[in-house]
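Asker: Once you have looked at the hints, place chains B, C and D on chain A.
Number of protein chains: 4
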Amino acid sequence: MPNRYAYLGPEGTFTEAALRDLRPDADDRARVPCDGVAAVFDAVRAGVVDGGVVPLENSVEGGVTTTIAELIKGEPLLITGETAVPVEFALFARPGTVLEDVKRVATHPHALAQCRGWLARNLPDADAHTVSSTAAAARAVSEPGAPYDAAICAVIAGERYGLRALASGVGDRSDAATRFIYLSRAGTLPEPTGADRTSLVAFIADDHPGALIEVLNQFAVRGVNLTRLESRPTGDGLGSYCFCIDAEGHVAEARVGEALMGIRRVCRDVRFLGSYPRGGRATEIIPAMSPRSTTDADFAEAELWLARIRAGAVD
Amino acid sequence: MPNRYAYLGPEGTFTEAALRDLRPDADDRARVPCDGVAAVFDAVRAGVVDGGVVPLENSVEGGVTTTIAELIKGEPLLITGETAVPVEFALFARPGTVLEDVKRVATHPHALAQCRGWLARNLPDADAHTVSSTAAAARAVSEPGAPYDAAICAVIAGERYGLRALASGVGDRSDAATRFIYLSRAGTLPEPTGADRTSLVAFIADDHPGALIEVLNQFAVRGVNLTRLESRPTGDGLGSYCFCIDAEGHVAEARVGEALMGIRRVCRDVRFLGSYPRGGRATEIIPAMSPRSTTDADFAEAELWLARIRAGAVD
Amino acid sequence: MPNRYAYLGPEGTFTEAALRDLRPDADDRARVPCDGVAAVFDAVRAGVVDGGVVPLENSVEGGVTTTIAELIKGEPLLITGETAVPVEFALFARPGTVLEDVKRVATHPHALAQCRGWLARNLPDADAHTVSSTAAAARAVSEPGAPYDAAICAVIAGERYGLRALASGVGDRSDAATRFIYLSRAGTLPEPTGADRTSLVAFIADDHPGALIEVLNQFAVRGVNLTRLESRPTGDGLGSYCFCIDAEGHVAEARVGEALMGIRRVCRDVRFLGSYPRGGRATEIIPAMSPRSTTDADFAEAELWLARIRAGAVD
Amino acid sequence: MPNRYAYLGPEGTFTEAALRDLRPDADDRARVPCDGVAAVFDAVRAGVVDGGVVPLENSVEGGVTTTIAELIKGEPLLITGETAVPVEFALFARPGTVLEDVKRVATHPHALAQCRGWLARNLPDADAHTVSSTAAAARAVSEPGAPYDAAICAVIAGERYGLRALASGVGDRSDAATRFIYLSRAGTLPEPTGADRTSLVAFIADDHPGALIEVLNQFAVRGVNLTRLESRPTGDGLGSYCFCIDAEGHVAEARVGEALMGIRRVCRDVRFLGSYPRGGRATEIIPAMSPRSTTDADFAEAELWLARIRAGAVD
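Residue numbers (our numbering), protein chains in the order written: chain A, 1 to 315; chain B, 1 to 315; chain C, 1 to 315; chain D, 1 to 315.
So that you can see chain A by itself, here it is in the shape it has in the complex (with noise of 0.2 Å):
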């Protein structure tokens, strides 16, 4: 049986062009929309399908929220890819429609809030209606007697329904793009690229001043670069928090290994989320302290070192 894989639904998100992209070869039969960002991790834990595309951050129909949450609480899986997809509106209308005709717009209520000044431009008098996601709004200006005339949404849900583009680029701001991530069960990591990077959730012991800082130097001692640090409760009670952390390099890496190693000894508990190339355009780096001297050499020069003064050497 080929692969399948399932994704954040329905047909024609954005979350479905970012599975277009990270796996090109899987046809229609191959895409398996779920209903939710939870619908997608059951599907891959159960073994339903072979992975899964789920957004994680920056999402325009939301997502973010509940994919954390299962990336922190839920039964483990690997991230084993990602990609960013520029998050582009365009106005899709039935074949035949002009932008004149159209009257009444349907979208989801955060892409007509990114929209609403080209709208105000080019549809004063129209109305907006909202709906459930980007996508429905395609099929339902797709489907006969459609109380809509034209949908904001991806480039992917207006083909995937028929219709045709009015106007591109309708978004007011050009530049916004969201992350999403490739879920695999556990087995085999991808095998390092040179640009990749990895994903952990350091969860902290309750008391413990500077705990925050201390994560943080394990990294920093070993000249490792974060991408991302959010702190989350972990809803256990008072004073119970982890960190949501993406750290530039591979696991596969000594300074990456060894710095996993060091929060393993210091946090109530860590959970590896997965080492992966690192997709789209370059991403914000957080820099750590000391950028210099942490490549595998480096590690494996200090450790003949290491070797050396504890048979007695003086140098």
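Hints listed in this document are in silico derivations from the structure and should not be mistaken for laboratory results. Idealized CB from N, CA, C, for every residue including glycine. Check each hint, because a few of them may be wrong.
Now the stretches of chain C that chain D is said to cover, found in silico as 3 or more residues with beta-carbon under 8 Å [claimed, not checked]:
| no. | stretch |
| --- | --- |
| 1 | 97 to 110 |
| 2 | 131 to 145 |
| 3 | 215 to 223 |
Calculated from the model, a selection of chain D residues having no Cβ within reach of chain C, i.e. all distances over 12 Å [unchecked claim]:
| no. | residue |
| --- | --- |
| 4 | Leu8 |
| 5 | Arg23 |
| 6 | Arg121 |
| 7 | Arg160 |
| 8 | Thr188 |
| 9 | Ala311 |
Cβ pair distances, simulated, as ranges [said to hold, decoys possible]:
| no. | chain 1 | residue 1 | chain 2 | residue 2 | range |
| --- | --- | --- | --- | --- | --- |
| 10 | C | Glu143 | D | Arg4 | 35 to 43 Å |
| 11 | C | Arg308 | A | Ala307 | 57 to 65 Å |
| 12 | B | Gly145 | A | Asp28 | 30 to 38 Å |
Answerer: Coordinates of chains B, C and D only, in the frame set by chain A:
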């Protein structure tokens, strides 16, 4: 003219519940539902309303990403209050409907994801339909000829649209809560209450290793605990990021004031978002390094000592 | 009565040279040699003299340990000046003696250790005899019927006892220097000069992990560089220790003043030892974490900003 | 040929007492007094002796500065043992002399400074004369026609020169102690005992803000406590300095080994001085940030976990 307050609409959302909690004396005409988080910010900025309420963390129906983006990059406003609203879903229907009648349930996709367990156990044969908000679901159910039999929504929405509760507590997690903030134009800060929170955004200089630990140390050396920390790309290009920080205490306190001055000095920019009473249940704390000797009295004593030694004393 | 100054005697020591450097206008009667470092401290404390000079670092003839012990535990005095004296040894003999005549050389054991190479090359057949100070060696050589032909001592000692230099620069290292401090009773601090040093002793609470880094962070977050750092047991029992710290800058500066207030708050005790012009050649610097934005103007700007935001401004 | 040991002479010093403590089985011929600390180092380096003893901290008769300079800059040797000798002064005279007879007392200047109180109370009319060491004082008293009636010296010196004790405990402080180290050529390290110390010198790169905290963090993140920390200029020019560090534990332990590798990576150079049993009474501790989870078993567990996650496991 009486005070008016904007909030993330439509009527019946959890955000309206938050506004009622924060401004209990306001009547219906004083509450102005807005279409999107940005619209709430704009209404406050324009002076159309006296204040506004938006979700900041863990929102069921979104807004969080936009809220943070507006706080970071929009024309500045002050946070002058907050509250945490429990995310409690109920099943509402038109008067006369009983549970056995329910074949079609409407709700928001995120709410649906959180109520799946209850639906599977109690309404295994019902279809679920997603709409743009839980309040929109309630309204749709209330309309004559509604295509849905019941809505999963907040109590406030069910009551507003004249529905009756068929079941309460239908969410799969009972401890979820969303944190909402109250926005004001520049002006007077709330008085310190002894249980306050201070919010800010620290913008780090571009190529500065260790900058994050440096910022955290500004809090740690004054014994100021954090309650939230989140890195965010600023969107201004590679390596440019900022930190959204919530700290315990009020800017009027010496320890908080001195920490903010320190951050002001070492950062490219810092945006003060406000000091306000901590709302709702106690929240998680990220303890600073040294919790000792951080009262205003401790700071005053140290200042007296400094004056003495500057005058040539030896103790 | 003219001012009088105590110093670590006897006459002719490097300490006398330091006093001459620090108080060039004082004549012979104004300089009071004392028998031991503690005697200098006591003379200043008792008001018998106006000030006193003792070695602090790298002394040839000792005193450093006692100096530090007196600074840490004795009745407090202020350091109001410092100077660095090059440790330059010369070979002095009675007038008429030539190098070939020298069979018996007297000096202090530490001076002997530092001049061994020169003696081996130039006086291979001479015997070396150690006495209690290099000045005592010069005096012994000067006496009628002296048992020694020459003394290794400071130029000041040779001249004082009417001897003639047979050779200069007889030490094996040419770059050695000893740092001396000038002690005063409590009173007025020296004015800031723009190139000052501040000395203090920080006493850490007993059982406090991370206390050292906590103290160093108090300097780092204000961008105050250190020039010396030394841990010392306090002698008060297990786990009780203190740090002798020299920092760049003057307590009258905002960054230094605020750092000292911070240390005052987090430590069990802190003893301020003084702010005074940095003497002699430039000394080594231990750079703080953030050297930026630490002028008094930067602190004043931050204070204005704090006043603005406390008054309800948003930028 | 039996083993021979160099020490800072002359015979009868506290350093000889330290050597007797460290090598109790060595007889008189095995102990080789040297003229200066550097001479002890050289004798060990040249292989003339098997090991050597020098003072490291708080020495009465000096040597400490030279000891540290040799450890930092001289040809490397290993510290393989240490001991702490109480600084207890006694008054010794020739047999037959009684206290009332004592008119002229000889001793080293530092010893004199520490015994002043006793002399003032018990021998108010006696003259004090300073010589080059307390042992030289004892020897001088023992010689026929001695110009002194009694010597203040260590018990070991009085006994060696055939004198009798007139009084013991004549020092004004009873708790003073000097720490001595035993030097060996490169070869085998002492076995870990569970109560060990590791000494090293860390050379910082020139212009590197935060370097000190960076080095300390290398210990802190592995939970390694320090027992001594001292900054020293290297003499190589402006801004070039090093840190003399004593840490708890043995380089054979995982936490210490990993910390040393980290310092090796981030520093310009690091000189390992040895791991050896902690001698004498318990010494002061500078606690690291996190004392938890730092046993070899903790490190081994973390290493196993790393191997699991590198192989694709999720917990």
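Asker: If a hint holds in the structure, say so; if it does not, say that too.
Answerer: Against the structure, the hints:
no.: 1; hint: 97 to 110; in the structure: holds (count 3)
no.: 2; hint: 131 to 145; in the structure: holds (count 4)
no.: 3; hint: 215 to 223; in the structure: holds (count 3)
no.: 4; hint: Leu8; in the structure: violated, 9 Å
no.: 5; hint: Arg23; in the structure: holds, 23 Å
no.: 6; hint: Arg121; in the structure: holds, 16 Å
no.: 7; hint: Arg160; in the structure: holds, 18 Å
no.: 8; hint: Thr188; in the structure: holds, 30 Å
no.: 9; hint: Ala311; in the structure: holds, 35 Å
no.: 10; hint: C:Glu143 / D:Arg4: 35 to 43 Å; in the structure: holds, 40 Å
no.: 11; hint: C:Arg308 / A:Ala307: 57 to 65 Å; in the structure: holds, 59 Å
no.: 12; hint: B:Gly145 / A:Asp28: 30 to 38 Å; in the structure: holds, 36 Å
When held up to the earlier numbered hints, the structure conflicts with hint 4 and nothing else.
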